[in-house]
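Novice: We have chain A; now place chain B onto it with these hints.
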Amino acid sequence: MTQTVDALVRTIFAVPDVLAPAILLYAIIGLAVGIVWGAIPALSSTMAMALLIGFSAALEPDSAIVFLLAIYSGSVFGGSISAICMNIPGTPAAACTAIEGYPLFRRGEGGRAIGTAIAASTIGNLLGALALILFTPYLLGLALSIGAWEVFLLGVWGVIICGSVTSDEGVAKGWLSGLLGLALSFVGIDSISGEARFTYGIGFLYGGLSFVAILIGVFGFAEIARGILIEEHVERSPLSGRMSVPGRILLRNVGNLMRSSTLGAIVGAIPAAGADIAAYLAYSVSRRSAPLKERGEFGKGSYRGIIASESANNSSVGGSLLPLLVLAIPGSTVAAAFMGAMNLHGVQMGPMIMMNHPGLIDFIFASLVVISILMGIVAFAIGKVALAVLSIPRVVLLPSIMPVCVLGAFAAQNAIADIYVMTIAGIVGIALSAARFPLAPIVMGIILGPLVDLNFRRAMIIFQDSTILDVLMRPAGTVLLAIIVMTVISGFHSEIRDRRRIAVPPSRSGRGEMPEQ
Amino acid sequence: MAAMVELVILLGGIAMAIQSVGYLTTPVITSPGILPLIVSVAMAAIAGVLLIVELIRGGASVPRLKACLISADFRLHAVKAAGWLSLATGYAMATPVVGFMWATLAFLAIALIAFARLAWWKTAIIAVAIATLIPFAFRSLFHTIVP
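Chain order of the listed sequences is A and B. Mapping of the first sequence onto our numbering: residues 15 to 531, in sequence order. Mapping of the second sequence onto our numbering: residues 64 to 210, in sequence order.
Pulled out of the complex, with its shape left as it was, chain B reads as follows:
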């Protein structure tokens, strides 16, 4: 995982550095591209070093990683993680489309049944209470506009 993140940062750093060059004007030292260029080069350099170290160190642990990946515990954890991420992302994406209240109702109904394994009536009470109380509380306390 660490190697993958470092690789993404390395590539991102290189891409940012190339683009920063486009923002350089004369005099270079005061141009809008100078600090992004310095930061992106530093980012790419550190990510590159970390990646090399990770690859040298990680080579020996491949069998252990394989054993971990095929374990039932890991698969259950991965399914749970993917499920939660999809649900939370779907909720955030749906809010602007269907509105905060309906999206919250649907999100909490699924989340509480699937993750907390609550009875349907308890889920309904909590979901309705939160979907109505949160907008009310924030609207009256903080004058928040609810999407």
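Only chain A is shown next, with the shape it has when bound in the complex:
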């Protein structure tokens, strides 16, 4: 209890630092960019973060933190605008919002639906931030008691679970993507022995492959190519009605809002589960727990559904930062990109963050609180701008983003070689995507790779003279090992089940069909 009160007080004292005009300006710009970015269907939150990390490298760490967190929060909300007005979720996390928002838009209640989404996202983001403030001190205390072996296992679990969760076509492809990311992270000088690995005498490889360039290649270059090549059939109508917050609906949904935000924060804290799973889960729970009369409205335009989906996806922002701050294991790909950005500023996330960077954690808490409140204001102010941007055809918009990819890859280290790395990563990303490999585990692998490598070797040095029994006597490590084994076994089980389902013809069995959405 004392720790929580302490954290809250320290956060309140850090708020004036975030409210400094120069930092506030970056928060507003980040939110505006994030909201507009998230609203555009072909552009994801990860892509926004990937492209702008390089630029944030030149900023002061405080400004960079606020700017990137604002982009993260803004882009998660932004997806709801196109979901409601075009029936196309700007980000996967807004898919459920589209189911409920678009019928409302067609009924002439588009303004009210967007207003509801803004209010739910703002409150969800704020509650996610509060969950982060409340639980970080406790988990940091626990995290300090774990050693290199446990950190290694956590990193491995992060990559495995990311592969399992993000793969559409069997977990093996997800794991392979994760391993590919880990393999790429080994390039460069080894931090323990100083030996150069996989550098082939090429100068720029000694410093390792730039994760920013790979991130931009995979989520920028490749995504733009995909967006350009997919035909666009979009129905656009003007926004009907003024954007307003329906207070009575919000009051009726206080319980729904709290429950969905809590679910969002919990799901967000699971590595790679992210905002989309949080939104799906909260939406389905809200649907099942709705009174019979309201349950009939689901699918035909339900404010309850919008509130559940939007509050959950935004509260996952705070949740995804929890394992990142405490254990250096990101809860989502965007959080992984944020971790990478912090590495550029020399900030190492993890149990030692309080000691190595005193005050930084409180600044992050305060930033998220201020950004949450600011998001409501900025969203109302630029909602119409986002809608105007949506009217620009994709084939015009996407090529215009390509220069930002090139500049973003270069800006992180001012290295020309990173432009080439970005291009190659983009081409590889297109090939992997065409072969239905998920791209998120590559990012997780490349960002967690150095942590996994370093801690594995440290653990092996510690265990040099130990027996397997000594290793298994460490309770936290054994529990983690069991979790990894269970994740792998359940992955294999679902892989075999999926392949059997594909093999059985649906007409004869009646099974093997995709469930109705």
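These are calculated hints, taken from the structure and not from any lab test. Bear in mind the structure is a predicted one, so any value in this text is a computation, not a measurement. Ideal Cβ positions, reconstructed from N, Cα and C, are used throughout, including at glycine. Any given hint might turn out to be false.
Claimed, not checked - Beyond 12 angstroms from chain B on every Cβ pair, some chain A residues (computed): (1) Ile216; (2) Leu494; (3) Ile503.
Stated by the list, open to error - Negatives, chain A to chain B, calculated, CB over 12 angstroms: (4) Ser159; (5) Ser303; (6) Pro372; (7) Met500.
Unchecked claim - Among chain A residues calculated to face chain B with C-beta under 7 angstroms, some are: (8) Leu190; (9) Ala239; (10) Val299; (11) Arg471; (12) Asp479.
Specialist: Quick look at chain B alone, frame taken from chain A:
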């Protein structure tokens, strides 16, 4: 496509495993080659299994694949994809040589005319605006050095 990617990963995994052996020192368990060796062997093993499954499953779909490859729709899509990839790659490669502004101007001019089929004057306005505004905005906001 999936089989080709899996084959490349399998070969890459084997090559990486062979090279990782070169980084092994005594004691092996703490040497810089140990984790790359474990990861590359796992990579090659999973890619190998996926490739075998793909080949067993894919055998039956060869006629369907052939029909797809000769369809006009596929050829149009392939030409468009190859065109975009060449243009984007060319742009990234040209930037360090001719400079960001000129490369961006040329890239946007070609991309907007060829892919968006915009009128030349609209293309010119957008290309000039983006090629000048992006460096200006990023230079003033983020102190970015423009190549």
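Novice: Now tell me, hint by hint, if it's right for this structure.
Specialist: Hint by hint, here is what the structure shows:
1. Ile216: Holds, because the least Cβ-Cβ distance between isoleucine 216 of chain A and chain B comes to about 14 angstroms, which exceeds 12 angstroms.
2. Leu494: holds, 17 angstroms
3. Ile503: holds, 15 angstroms
4. Ser159: holds, 24 angstroms
5. Ser303: holds, 40 angstroms
6. Pro372: Non-interface label on proline 372 of chain A holds, nearest chain B Cβ at 27 angstroms vs cutoff 12 angstroms.
7. Met500: Methionine 500 of chain A clear of chain B: closest Cβ-Cβ about 18 angstroms, beyond 12 angstroms.
8. Leu190: At 5 angstroms from the nearest chain B Cβ, leucine 190 of chain A passes the 7 angstroms test, so the hint holds.
9. Ala239: Result: holds, 6 angstroms to nearest chain B Cβ.
10. Val299: violated, 35 angstroms
11. Arg471: Cβ of arginine 471 of chain A sits 6 angstroms from chain B, so the hint holds.
12. Asp479: With a closest approach of 10 angstroms, the aspartate 479 of chain A hint is violated.
In the structure shown, a violation is registered for the earlier hints numbered 10 and 12, in ascending order.
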